[in-house]
Amino acid sequence: MVHVTIDGHALSVPDGTLVVEAAKQVGIEIPVFCYHHKLEPVGACRMCLVEITPGPPVAQAACIRPVQEGMVVKTQTGMAVQARADILEFELANHPLDCPVCDKGGECPLQDFTFRHGYPTSRIDGPRLHFKKPIPLSPTIALDRERCVLCYRCTRYYDEVAWEQELTVGARGVESFITSQFDQPLKSIFSGNIIDLCPVGALTSRVWRFESRPWDMTHTASVCSKCAVGCSVTMWQRRGQLVRITSHENDDIDEGWICDRGRFDYTDVNDPQRLRTPLVNGSRATWNAALVALAAGIKGKGAKLGISLPQDLTNEEAFLFRRLLDGPLKGAKVKMHGRTAIPAPAGETMRIRELDDAKVIVVVASDTENDVPIVNLRIKKAVSKLGARLIVVHPEGVDFDRDRRTVHIRNAPGSAAAEVRKLADHELLKSPGGLVAILFGDGHGSEDMNELAAACGALAEKVGGKEMPLYRGTNERGALATGVAGWDSLDGVEALLCWGPPLTSGVPASVKFLAAWDHLLRPAHHKAAVVLPATTFAEQQGSYTNLEGRVQFLRPAVAIQAPLKESWEVLTELAVALGLDLGYAGIFPLQRDVAASNAAFADLARPPAPEPEPAPVLIGSTHP
Amino acid sequence: MAEQRGTVGGPVLTEWFATADLHKLDVYEALGGYSALRKVVSGMTALQVIDEVKVSGLRGRGGADFPTATKWSFVPKDHPGPKFIVVNADESEPGSAKDRYLLENSPHMLLEGAAIATFAIGGHDAWVYIRGEYDLPFEMLRDAIAEARTKGYLGAKPFGADYPLDVHLYRGHGAYICGEETALLESLEGKRAQPRSRPPFPAVKGAWGLPTAVNNVETLATVPWIIRHSGAEYATRGTEKAKGTRMVTVSGDVQKPGNYEIEIGVTYRHIIEELAGGALPGRKLKVFWPGGSSAKVLPASMLDTSTDLDGLKALGTMGGSGGIIVMDDSHCVVKGAARLLRFYAHESCGKCTPCRVGGNWAVRTYDRILAGEGSQLDLNILDRVQQGLQAGRCLCGLGDAAGWVIQSTMTHFRNEYEEHSLHNTCSVEKVAVGA
Chain A
31 MVHVTIDGHA LSVPDGTLVV EAAKQVGIEI PVFCYHHKLE PVGACRMCLV
81 EITPGPPVAQ AACIRPVQEG MVVKTQTGMA VQARADILEF ELANHPLDCP
131 VCDKGGECPL QDFTFRHGYP TSRIDGPRLH FKKPIPLSPT IALDRERCVL
181 CYRCTRYYDE VAWEQELTVG ARGVESFITS QFDQPLKSIF SGNIIDLCPV
231 GALTSRVWRF ESRPWDMTHT ASVCSKCAVG CSVTMWQRRG QLVRITSHEN
281 DDIDEGWICD RGRFDYTDVN DPQRLRTPLV NGSRATWNAA LVALAAGIKG
331 KGAKLGISLP QDLTNEEAFL FRRLLDGPLK GAKVKMHGRT AIPAPAGETM
381 RIRELDDAKV IVVVASDTEN DVPIVNLRIK KAVSKLGARL IVVHPEGVDF
431 DRDRRTVHIR NAPGSAAAEV RKLADHELLK SPGGLVAILF GDGHGSEDMN
481 ELAAACGALA EKVGGKEMPL YRGTNERGAL ATGVAGWDSL DGVEALLCWG
531 PPLTSGVPAS VKFLAAWDHL LRPAHHKAAV VLPATTFAEQ QGSYTNLEGR
581 VQFLRPAVAI QAPLKESWEV LTELAVALGL DLGYAGIFPL QRDVAASNAA
631 FADLARPPAP EPEPAPVLIG STHP
Chain B
667 MAEQRGTVGG PVLTEWFATA DLHKLDVYEA LGGYSALRKV VSGMTALQVI
717 DEVKVSGLRG RGGADFPTAT KWSFVPKDHP GPKFIVVNAD ESEPGSAKDR
767 YLLENSPHML LEGAAIATFA IGGHDAWVYI RGEYDLPFEM LRDAIAEART
817 KGYLGAKPFG ADYPLDVHLY RGHGAYICGE ETALLESLEG KRAQPRSRPP
867 FPAVKGAWGL PTAVNNVETL ATVPWIIRHS GAEYATRGTE KAKGTRMVTV
917 SGDVQKPGNY EIEIGVTYRH IIEELAGGAL PGRKLKVFWP GGSSAKVLPA
967 SMLDTSTDLD GLKALGTMGG SGGIIVMDDS HCVVKGAARL LRFYAHESCG
1017 KCTPCRVGGN WAVRTYDRIL AGEGSQLDLN ILDRVQQGLQ AGRCLCGLGD
1067 AAGWVIQSTM THFRNEYEEH SLHNTCSVEK VAVGA
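Quick note, the sequences are listed as chains A and B, same order. Mapped onto the working numbering, the consecutive letters of the first sequence carry residue numbers 31 to 654. Mapped onto the working numbering, the consecutive letters of the second sequence carry residue numbers 667 to 1101.
Keep in mind the hints are simulated off the structure, nothing from the lab. The structure presented is a predicted model; accordingly, all values stated were derived computationally and were not measured. Some clues are possibly wrong.
Unchecked claim - Label-pair distances were calculated between CB atoms; the ranges are:
no.: 1; chain 1: A; residue 1: Asp-433; chain 2: B; residue 2: Asp-828; range: 33 to 43 angstroms
no.: 2; chain 1: A; residue 1: Glu-426; chain 2: B; residue 2: Ala-812; range: 43 to 53 angstroms
no.: 3; chain 1: A; residue 1: Phe-161; chain 2: B; residue 2: Gln-1042; range: 29 to 39 angstroms
no.: 4; chain 1: B; residue 1: Ala-980; chain 2: A; residue 2: Ala-40; range: 46 to 56 angstroms
no.: 5; chain 1: B; residue 1: Gly-875; chain 2: A; residue 2: Arg-306; range: 53 to 63 angstroms
no.: 6; chain 1: B; residue 1: Ala-980; chain 2: A; residue 2: Gln-211; range: 45 to 55 angstroms
no.: 7; chain 1: B; residue 1: Pro-748; chain 2: A; residue 2: Asp-433; range: 19 to 29 angstroms
no.: 8; chain 1: A; residue 1: Arg-381; chain 2: B; residue 2: Glu-855; range: 46 to 56 angstroms
no.: 9; chain 1: A; residue 1: Ala-40; chain 2: B; residue 2: Asp-828; range: 47 to 57 angstroms
no.: 10; chain 1: B; residue 1: Ser-1041; chain 2: A; residue 2: Arg-585; range: 50 to 60 angstroms
no.: 11; chain 1: A; residue 1: Asp-455; chain 2: B; residue 2: Ser-708; range: 42 to 52 angstroms
Ideal placement from N, C-alpha and C gives every residue a C-beta, glycine not left out.
Chain A extracted, bound-state conformation:
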């Protein structure tokens, strides 16, 4: 530990801590634009200038200086205060005065820092530099070069974190501007994070653009429902609409990054065509009438009943389906959408966070970039920042190939297990010097999963590694634990209940009775006898189990509008209509039962603590 003094506060911090981070620990704000705690420091914007002794009597950038024993940092000397005010004046010299219509206005560090650290008056009277704007960087991201403060967070993120080559800087000096490579649209699935990173309104979401002011929204920390990684997200609500999704840093899983599916794929929640009342034979009906009709259509069908389940089925829904399948719907065939062929885990599997400790990472039969995007970023971090070595077994090129040290074994599809068996003698795995992480997918159906899982298990045992099965379906692991992650063929069933989106393969010709629970009325539903209006991830309660086995709660960001009902409520009432009274009057007793049913759901009995209030920012406090 190193002892330092910051504005009179004595503290000890680990060796290597940057001054700007040390200051946070005592609640002192050192303003930054270019510095970001997940990116390598560059010292470009110079916003964080402070006075440091011992050292030359000049302003020093706090974001690139590690602490040293006995260092005294002063943020409030005349020189430091003036240095920062001067930087802000420079940042504003060419900044357009469009704060009133800027999406960032209200949550903009440039505004806040100018208020807290800038000069009270402006001496900027000359003409400002102009760029064509806004420029569509992609269908989802707009770039405003006039607002840009050139902190390079976006380009550095692209280089360091995403390993993509799509974003760069053009020209030089005051004419420098951010541009996509060869002016081509950004294609990366990780592109949206640059919106969160941008400290000004230069990079904004075209999906959210001009939708609302930041202070006009309420926000709710929740969990993403698009894949099995289960990233933490913040959902933003305004007047009953879900208007924005941003990341919500969780170092156990996502480290503050989310993929574009999780960020931009939400507008269906606000679709004016949302289904709100039940339909029986195409006509609006009461819930009671609809559930009675549904129960009549599916009861006692045995194996003639098919049930299709969505990938984002909650644990609670899965548990209720389990009860129905054990009772009135016994024998029904079940198919879960979007799941892999990976079998249920035998026990605890490796945690995403443990990738940071891995010395060698083996990725088998998975296109992680698309299957589990944020795990892909975590692997990249382990390789480029923490020195892990990477072995990929995959038939096609993957983005990991951009690191020249990556060992890529291009196997013939179906032969992954054979390749994994050979790996035990691989040079990198002979003495890995630490944890070996073995991540495996199902090659989208090309691999024999019993064989591959066995091969990975044998490899893990031999090299002392840990396994991480890469499930794809959002709650595939929860559905596996409850035994509803069916893999049955629905051909030949006479009655079909589509819980969630319709079957991609179409309704089998044999189906005489079709029922659906969906939030949009789709063409596939026109033949349905019963259609129930569904809630979405933005408004329903429940929980998901992510690919590492972590149980996480969905928190409703948008209030349910009657006559919509919670999914667990619909299933409980359906059970009553089928003659099974489960007696759940609320979700908490249900969650307690789910928790008791299987050790994998134990966390459901312990709802997480509410979010702590953000710490107040101190400026100019020199009194310890």
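Go by the hints and put chain B onto chain A.
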């Protein structure tokens, strides 16, 4: 054939420059060239080389004035992988042309020095990053490297010693900032030339992330002489603290502009009036830049300032890269400063805020002043901009240099600034500006 220029106390760098065809290896060797490298690889240890240079007191001639031996000793000795000497031949400082002069006369002198330095840090390869516009020096260096390799002086076994040494040539990308050592390394790696933040310093993490010492051409060209004669003999030249000789380039309003080797400690009066012949007939010297455009100006009344580097530092200016720019009383300082600011704003890489915006803001303010639309406000802006560029505000020295131009010219020639800004006249050029 190169013209021999006057020196004091016996020349070091230009010792053999009167010899015809010095750029050819056999001519260079006949005079004693490559004997230093032979001596180093066939008997000296790396530590002995560093010690010899330490005794000489040689300091970096690129402008930073950092002790060369100390810089070499910062390169970790026990680092297992490759280590590099990178030669900064991206001479771009306005007013400085000494490296070009050295390269065009004696390219082998640099190669020998670079090879010795590479040996001293325990490396095997040196990279010469040469300014893209330097065509003739590039060709001469290229030919010289080929000659030395053919002779076996560079290569797997220089002079039979089992210690591979080689020098590689890399043409620069044509920007002033490429001469800043970390931006040079970025450019050498094929990236956009922008300075890196320090720490880590190049000695720990330099070219391609490996330990690197970046040295100026003149610095390395001095090293063979030091090895041949001895550090102690080099140290007899110069002043007590600033040893040796150095090259200066005199340009501007003098009778004999050119490159001169001087003993450190002589006065600027000696250089400008005696070596360079003084002011043009009928004119009076007004102001000079003592060490490239990046050094703070001194008025002619301070001609008796010594070239002693520490003395210059005490005056707030520097010997820099040795480019002495002289301006006489027929030129307006405000216009001169405005021209330089245009250069600095144009050459700003754009990475850090103060330099990117400040330089441009200063240019726009100068433009307003010179267009006759100036006011006290503009003087205040210039004053605040120059403060905002200096003293650690910027990532590298380019911003500081731009600030120094404004600050030093405003300090010494406040009257000219006020004439332009407040009265729209110029007593120097005797015409109403903007009229």
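Quick rundown of the hints versus the structure:
1. A/Asp-433 x B/Asp-828: 33 to 43 angstroms: holds (36 angstroms)
2. A/Glu-426 x B/Ala-812: 43 to 53 angstroms: Since A/Glu-426 and B/Ala-812 have Cβ atoms about 46 angstroms apart, the given range 43 to 53 angstroms holds.
3. A/Phe-161 x B/Gln-1042: 29 to 39 angstroms: Check passed, 32 angstroms falls within 29 to 39 angstroms.
4. B/Ala-980 x A/Ala-40: 46 to 56 angstroms: violated (37 angstroms)
5. B/Gly-875 x A/Arg-306: 53 to 63 angstroms: The hint (53 to 63 angstroms, Cβ to Cβ) holds, given that B/Gly-875 and A/Arg-306 are roughly 60 angstroms apart.
6. B/Ala-980 x A/Gln-211: 45 to 55 angstroms: Since B/Ala-980 and A/Gln-211 have Cβ atoms about 50 angstroms apart, the given range 45 to 55 angstroms holds.
7. B/Pro-748 x A/Asp-433: 19 to 29 angstroms: Taking Cβ atoms as reference, B/Pro-748 and A/Asp-433 lie about 20 angstroms apart, which means the hint holds.
8. A/Arg-381 x B/Glu-855: 46 to 56 angstroms: violated (37 angstroms)
9. A/Ala-40 x B/Asp-828: 47 to 57 angstroms: At 56 angstroms between Cβs, range holds.
10. B/Ser-1041 x A/Arg-585: 50 to 60 angstroms: Because 59 angstroms falls inside the window, the suggested range holds.
11. A/Asp-455 x B/Ser-708: 42 to 52 angstroms: holds (47 angstroms)
Consistency with the previously given hints fails for numbers 4 and 8, ordered from lowest to highest.
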